[in-house]
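Following the hints, put chain B in place on chain A, whose structure we already have.
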Amino acid sequence: MGIRDFFKKKTESDPLVDVRLDGMKAGYMVDYDMKMWEVSAAHHYDWGDSLITREWQLKGSDETVYLSMEYDDEASWSLSRKIQLDRLGPNVRKSLMETGDPPDQIELDGVSYGLEEMAGGHFYENGQEPGREMLSWDFQDQTGRRFLSIEQWSENDFEASIGEPVEEYQFSNILPGAV
Amino acid sequence: MSIFKRIFKVSQAEAHAIVDKIEDPIKMTEQGIRDLKRDLQGAMTSLAEVKGISVRTRREAENKKKAAADYERKAMLILQKMQNGQMEGAEAERLATEALNLKEQNSAEALRLSHEAEQHEKMSAQLQANVNKIKSTVVTYENDLTTLKARSKTAAATKKINRQISQIDSTGTVAMLEKMRARVEEDESLATAYGEMVSADKNIDNEIDAALASGSSSAPSQSLEELKKKMGIGA
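Protein chains in written order, with the numbering used here: chain A, 1 to 179; chain B, 1 to 235.
It cannot be assumed that every hint is accurate.
Unchecked claim - To be clear about the criterion: a stretch of chain B counts as covered by chain A if any three or more of its residues have a C-beta under 8 Å from a C-beta of chain A, and this derived list gives those stretches:
1) 38-50
2) 53-63
Unchecked claim - Mimicking DSBU-like on lysine-lysine, the simulated pairs with C-alpha atoms at most 30 Å apart in a straight line are:
3) A/82 - B/74
4) B/66 - A/59
5) B/64 - A/82
6) B/66 - A/35
7) A/35 - B/64
8) A/59 - B/65
9) B/149 - A/82
Because the hints were derived from the structure by calculation, they are not lab data. Glycine included, C-beta positions come from ideal geometry on N, C-alpha and C.
Chain A with its partners taken away, still in its complex shape:
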């Protein structure tokens, strides 16, 4: 530490300003849906063209959910839960293995989801380099209130998740973890 560092004004963090949903890191706590959740990881996806999806893994007492945020003029938030790919029916896996793509329509629990977009990107676990290449297919139901996502991580490694849009105000009591 040099003499300049000694005199450099220290920037103190302001707990009223700095503790925000989009500033959460691993170790933070947040309340959602009347439950306490621990932020166990903070990842991000880079889809190219400066399009970034930030993702927080939230662990509750009985389940793990994923909170995502995309910024396009304004922040849009969504919450998803992982499901078994087999729940989507045998045709989905078959289509993925044979054609490399899922079908354009997928039925799950009586809800029909239509393919919205397919994208390739890089996944940064806890923001760490190097990014892991992956593909993603996003489906939406007719109301646009429910979505389904399939991600491909390697030739035979697929993951599926279902989710819904959420609002920032639904999350409260954000607490910073000990650094």
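Showing chain B alone in chain A's frame:
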């Protein structure tokens, strides 16, 4: 009281008076709010730790419950195998008993962890209430400070203006203004008088010129005619 004590008291009073003078209440309040925020940050971090323990304990309790249910399911499967003749009776009963023992152990552990989690949840609810109280206090203080800063600035500006107004020598200035007004009025009167005089002179001249105009107007033209004749210029 001894003389030394009195001297000390006087010095103390003077020192306090000096410190009072140099103390800036706004800066002191800002520092107070900064200190409160530091305390809040600490309280929030501690609360996060308690909540983290609470969530993890509850999760462990859930896992123990699941494990207990799993051991019970295994014990039932063993007994079913025994029933179907797929397993020898004594061995099946031994394994089923072991599974049930483990089920009991896990159930007891789940219960203990649930109680523990409840305690942590109660504590975190209490701490959360305290943190929320500190938060709202800090916000109130910050808002009060902002308002007071604005009021202080307005008051200072008003004070400055009022002092300037009050400091003006009213009699001297009024007298000066009156003197100036009188001079302006005097100048204006003088200007009007000169103007009237000029217009009066101009009227007399005009009258004289008008009287002469009728006689002299043909003279230049007659002499002109004579000159033209002399030079041989025809009309």
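Against the structure, the hints come out as follows:
For a cut-off of 8 Å, the count of residues in the region 38-50 of chain B with a CB near a CB of chain A stands at 8, and the three-residue condition holds. Only residues whose beta carbon comes within less than 8 Å of a beta carbon in chain A count, and the region 53-63 of chain B has 7; three or more means the coverage holds. Restraint check for residue 82 of chain A and residue 74 of chain B: satisfied, since their Cα atoms lie roughly 27 Å apart, inside the 30 Å limit. In summary, the hint linking residue 66 of chain B to residue 59 of chain A is supported, as the alpha carbons are separated by about 17 Å, within the 30 Å threshold.
Using a Cα cut-off of 30 Å, the hinted pair residue 64 of chain B and residue 82 of chain A holds, with the two alpha carbons roughly 22 Å apart. Between residue 66 of chain B and residue 35 of chain A, the direct Cα distance comes to roughly 20 Å. Compliance with the 30 Å bound is thereby established for this hinted pair. The straight-line distance between the Cα atoms of residue 35 of chain A and residue 64 of chain B is roughly 20 Å, inside the 30 Å bound, and the hint therefore holds. This hinted pair checks out: residue 59 of chain A and residue 65 of chain B have alpha carbons roughly 18 Å apart, not beyond 30 Å.
Under the criterion of a C-alpha separation no larger than 30 Å, the hint pairing residue 149 of chain B with residue 82 of chain A is inconsistent with the structure, at around 52 Å.
Violated hint for the displayed structure: number 9, the only one.
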